[in-house]
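**Q** Protein sequences, first through last, are from chains A and B.
Take the first sequence: its position 70, counted from the start at 1, is 70 in this note's numbering, and no numbers get skipped.
Each number in this note's numbering corresponds to the 1-based position in the second sequence with 273 added.
Where hints are given, some of them may not hold.
[Unchecked claim] Looking from chain B toward chain A, a few residues come up when the C-beta cut is under 10 Å (computed):
1) 433
2) 545
3) 547
[Unchecked claim] Only pairs whose alpha carbons sit at most 16 Å apart, straight line, appear in this in silico EDC-like list of lysine to aspartate or glutamate:
4) 317/B to 153/A
5) 317/B to 514/B
6) 73/A to 11/A
7) 921/B to 792/B
8) 686/B to 745/B
9) 430/B to 143/A
10) 140/A to 318/B
11) 158/A to 552/B
12) 727/B to 704/B
13) 600/B to 652/B
14) 317/B to 143/A
15) 882/B to 789/B
16) 720/B to 393/B
17) 430/B to 148/A
18) 430/B to 212/A
19) 317/B to 148/A
20) 317/B to 144/A
21) 430/B to 200/A
22) 158/A to 548/B
23) 813/B to 827/B
24) 430/B to 151/A
25) 311/B to 329/B
26) 686/B to 743/B
27) 841/B to 652/B
28) 430/B to 144/A
29) 430/B to 145/A
30) 423/B to 409/B
31) 317/B to 151/A
Worth flagging that the hints you see were computed from the coordinates, not collected in a lab.
These figures come from a predicted structure and were not determined experimentally.
Heads up, the beta-carbon is just placed ideally off N, CA and C, and yes, glycines get one too.
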Amino acid sequence: MAQAKESGEDDIILKLENVHMYFGRVAALAGVDLEVKKGEIHSIIGPNGAGKTVMMNCINGLYKPQRGSIYYKGRQINDLKPHQRAKLGISRTFQKIELFGGMTVLDNIRLGRHIHLKTGILSGSIYVGKTKKEELKTRKFIEEEIIDLLEIESIRDKTVHMLPYGLQKRVELGRALALNPELLLLDEPLAGLNLEEVEDMARFILDINEEERWKVTCILVEHDMGVVMDISNRVLVLNFGNKIMDGTPEEVQHNPDVIKAYLGEEDLYATRR
Amino acid sequence: MPPGGRAWERSGTQIEITRNLTIPKLFLRQCKKYGKNKVAMREKEFGIWRPFTWQDYYENVKYLCLGMVSLGLKKGDKVAMIGDNRPEGLWAEMAALCAGAIGVWLFQDCMIDEVRYIIDHSDAKFFVGETQEEVDKALSIKDECPKLEKIIWDDPKGMRHYHQDFLISIRKVQEIGREVDKREPHLFEKLINQGHGDDICLLFYTSGTTALPKGALLSHWNMLTMGRNLMAVDPCYDTDDFVSYLPFAWIGEQMMSISCGLQVGYTINFPEEPETAREDIRQIGPHVMFAPPRLYEGMTRQVQVRHIDSAWIKRKVYEFATKVGYKVANLKFEKKPIPWTWKFLNWLAYITMQKKLKDHLGMSRLRHAYTGGAAMGPDHFRFFHALGVNLKQIYGQTEIAGISIVHRDGDVKFDTVGTPIPQTEVQITEEGEIISRSPSVFQGYYKNEEATRKTLVNGWLHSGDRGFIDEDGHLVVFDRSKDVMTLSDGRPFSPQYLETRLKFSPFVQEAWVVGDKREYVAAVMCIDYSVVGKWADERKINYTSYPELSQKPEVYNLIQKQIEEANKDLPEPAKIRKFVNLYKVFDADDEELTRTSKLRRAFVEKRYKDIVDALYSDADTVHMDTTITYEDGREQRIKTDLRIQEIKI
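All chains, please: the whole structure from these sequences, using the hints.
**A** This is the structure:
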């Protein structure tokens, strides 16, 4: 178990210090620092292959960085497994949908809640006392807080693989929320959605972030610049595993390096190959 | 009558409608009668049916009413309301009526311009909206409608950044009302007792197939007599269930929820979301149902499509059962006795197919199903009767508080709309126009003397519909007078009749028939995207969008077959000779349909003039360049070529 270490500041929920992640000799992350403040939407942008998803994977524990430290609420979490981090309140969605296609929407969301259930197989099978109470509480939470929020009443009993892509994305968000997270990692939640779905999803993200009930800090990886600039408090720009800058949306929009990286300089891509 | 239930008539609770009775007075009486012992309404929320007793109904309305009064609502003021069907919507309406105010409902999908027009024209003082979306609509027009004083909202979702002082939540209004009630405990009943049956209670903006919407004024007496007269034909019981899911802005829904519902005291059920309505209806299994033809057409289409998809054995059972069903239904239509062999076969059809299908459609317990508001094709009618559903036609207008004519049980003729309800006279003028007179005839159009004078002559309501009364005394509605076409041989013809026949095909969603004073009849067709899409998938026909799919030669041939089917037993000059598949479906947002889904002919004729011209020329394609409007007001330009196909007869 990692040793608790004070990061010094209370309102920093997540801190990355000099994180390095190599695949063979390719540096996916080459010493990245990041501080995410509680209650903010912190976006990560960058061209394809910049290391955005790798960073997400490092934060939630799918990858273990070779160097550097990750602190969550002041505690170093480098050695924690993904499920342990999930229990601490770090939840995520995936760029490519990772739902259980053969299960219903409700079952998928319930699964997200499983980590917080305390009853065992035995008491679960007879459904009395504590188990019953816990089940009722879970049901209330899922129905009132998640299904109502995401407006998926009409599909709650449908199997996931039958649903259109946009709705599947919504279910993914629902499952991530079932963990009752404090920090939510959203990996391209808007990719592949049509205009109306993008507007809905952006509204859900804002609701989750701002609504008194949730107040979830979000890390958002996204290519849709309009939405990113509209809803983010801060934006981190990555390119080839390096941090170009970290600032407010206005600062980022006017930074020449960012513009250069983003407007796709062919020779930069060439060097990578 | 359900077992153990008390008959409305027999229990002696039949309500005498006096001139002095108002909807709030009746409401008060029913609340006292049923109190905590009976469920007045149910709402599905968070996946569970939540009941509200008459006592809950009473308290919610009372506090809301007192709250609104203390915020400045006075007798005769207008309260505009918009939102999905929820208990809160009905509470708001009832609260407004209790305060002596007039309710104005708007359709949920109204565009900003319509909202602005209605709010401004009706002089609405309060606006009650359900969610952030409705509040946004109200806010965007607030500056142009200075008479609007307060905006009341219900659902707190997304409302965290709204702090204007004219915004207030329903809950907050009720809190204010509770305080008022503590100070003046008799105020609520006093307010109700001030009302009189001749006071205006509701202001309905009619959909208007031609011009701007007109506001029809209805009094308590109008609404209540209409409900009583319908219930005299088809009694309902307080043990019945009704599902309220069609817009409150439609008179049909008001008539079932208020005019009839309040008198009978049946339970009104509200679905969770509009999208879940069908599933929720199935869970409730209502005893009575009233919907525009579109809904029944949707159901038929759904059944036809599922039938095509199902396994061989199921298909065969279905085909057997429908064959028997049609035969028995036809015997009933002809009022002939049913031989016992057919009775037995019908029983077999019932246990093998009809029972299950009716359950799926939520029609298991259905006693009366009504359709009205637009024309319904005879094929749809036969279809439901073959299933054993007692589907009946209703005819009426907003201006007569709902309905004036209905089919009687055992006397259903699918090409008529039935006979008048009690206290209602129906006549045909020399020009062939249908006129009617009853206690439910409306009080006139709001701020429109001229239209009132034209519609209301010596107490007779002029409908603008053309029709005649057949040998059995049934009214037959031909079409809107101005829509009646003249064929090439000089005979009058109803385009609506042809359109409803075309729409019986599951592949056709909308159809528009033209040919007034032309050599032949032609049609503009809108394919049903999901059904034709599925059909195309099975045949490995590639497409990416509605416009592309609609222009596929295979799809044209498919639609041609459907038209030929409809053409079959029509007289030669009425047969459709040419048609075109439109690149989109007619939509109310583009003003092509009214909010109750009737085709606005004058408008589409202007808009698609190029297409009509091409249909009557030698051209085999027509170039289109137009814009379409989305619900949020955005516009998109569309450029495309449409093919014209000729049908050889």
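**Q** It remains to establish, for every hint, whether it holds in the given structure.
**A** Results for each hint:
A cut of 10 Å between beta carbons decides the hint on residue 433/B: the least distance to chain A is about 6 Å, and the hint holds. Given the 10 Å rule on beta carbons, the hint for residue 545/B holds: about 5 Å separates it from the nearest Cβ of chain A. Look at residue 547/B: its Cβ gets to within about 9 Å of chain A, closer than 10 Å, so that hint holds up. Using a Cα cut-off of 16 Å, the hinted pair residue 317/B and residue 153/A holds, with the two alpha carbons roughly 10 Å apart.
The suggested pairing of residue 317/B with residue 514/B holds, with an alpha-carbon distance near 14 Å, which does not exceed 16 Å. Our distance criterion of 16 Å between C-alpha atoms is met by residue 73/A and residue 11/A, whose separation comes to about 8 Å. Using a Cα cut-off of 16 Å, the hinted pair residue 921/B and residue 792/B holds, with the two alpha carbons roughly 15 Å apart. At roughly 10 Å between alpha-carbon atoms, residue 686/B and residue 745/B fall within 16 Å of each other, so this suggested pair holds.
The suggested pairing of residue 430/B with residue 143/A holds, with an alpha-carbon distance near 15 Å, which does not exceed 16 Å. This hinted pair checks out: residue 140/A and residue 318/B have alpha carbons roughly 11 Å apart, not beyond 16 Å. Using a Cα cut-off of 16 Å, the hinted pair residue 158/A and residue 552/B holds, with the two alpha carbons roughly 12 Å apart. Straight-line distance between C-alpha atoms of residue 727/B and residue 704/B comes to about 15 Å, which keeps the hinted pair within the 16 Å bound.
For the hint linking residue 600/B to residue 652/B, the alpha-carbon distance of about 14 Å falls within 16 Å, and the restraint holds. Only pairs whose Cα atoms come within 16 Å are accepted, and residue 317/B paired with residue 143/A is accepted, the gap being roughly 12 Å. A distance of roughly 14 Å separates the Cα atoms of residue 882/B and residue 789/B; the hinted pair therefore holds under the 16 Å criterion. A C-alpha spacing of about 12 Å is found between residue 720/B and residue 393/B, which places the hinted pair at or below 16 Å, so the restraint holds.
Distance restraint check for residue 430/B and residue 148/A: the Cα-Cα separation of roughly 10 Å lies within the 16 Å cut-off, and the hinted pair is therefore satisfied. Only pairs whose Cα atoms come within 16 Å are accepted, and residue 430/B paired with residue 212/A is accepted, the gap being roughly 11 Å. About 12 Å separates the Cα atoms of residue 317/B and residue 148/A, which keeps this hinted pair within 16 Å; it holds. Distance hint between residue 317/B and residue 144/A is fulfilled; the C-alpha atoms sit about 12 Å from each other, no more than 16 Å.
Among the hinted pairs, residue 430/B with residue 200/A is consistent with the structure: their alpha-carbon atoms are about 13 Å apart, no more than 16 Å. About 13 Å separates the Cα atoms of residue 158/A and residue 548/B, which keeps this hinted pair within 16 Å; it holds. In summary, the hint linking residue 813/B to residue 827/B is supported, as the alpha carbons are separated by about 11 Å, within the 16 Å threshold. Of the pairs offered as hints, the one joining residue 430/B and residue 151/A holds, with about 11 Å between alpha carbons and a cut-off of 16 Å not exceeded.
For the given pair, residue 311/B sits about 10 Å from residue 329/B by alpha-carbon distance, which is consistent with the 16 Å threshold. Note on residue 686/B and residue 743/B: the hinted pairing holds, with a Cα-Cα distance of about 11 Å set against a maximum of 16 Å. With a C-alpha separation of about 13 Å, the suggested pair residue 841/B and residue 652/B falls inside the 16 Å cut-off, and the hint holds. At roughly 12 Å between alpha-carbon atoms, residue 430/B and residue 144/A fall within 16 Å of each other, so this suggested pair holds.
A hinted pair counts as satisfied when its Cα atoms are at most 16 Å apart, and residue 430/B with residue 145/A qualifies at roughly 11 Å. Pair hint residue 423/B plus residue 409/B holds up; C-alpha atoms about 13 Å apart against a cutoff of 16 Å. Of the supplied pair hints, the one linking residue 317/B and residue 151/A holds, its CA atoms being roughly 14 Å apart against a limit of 16 Å.
When each numbered hint is compared with the structure, no violation occurs for any of them.
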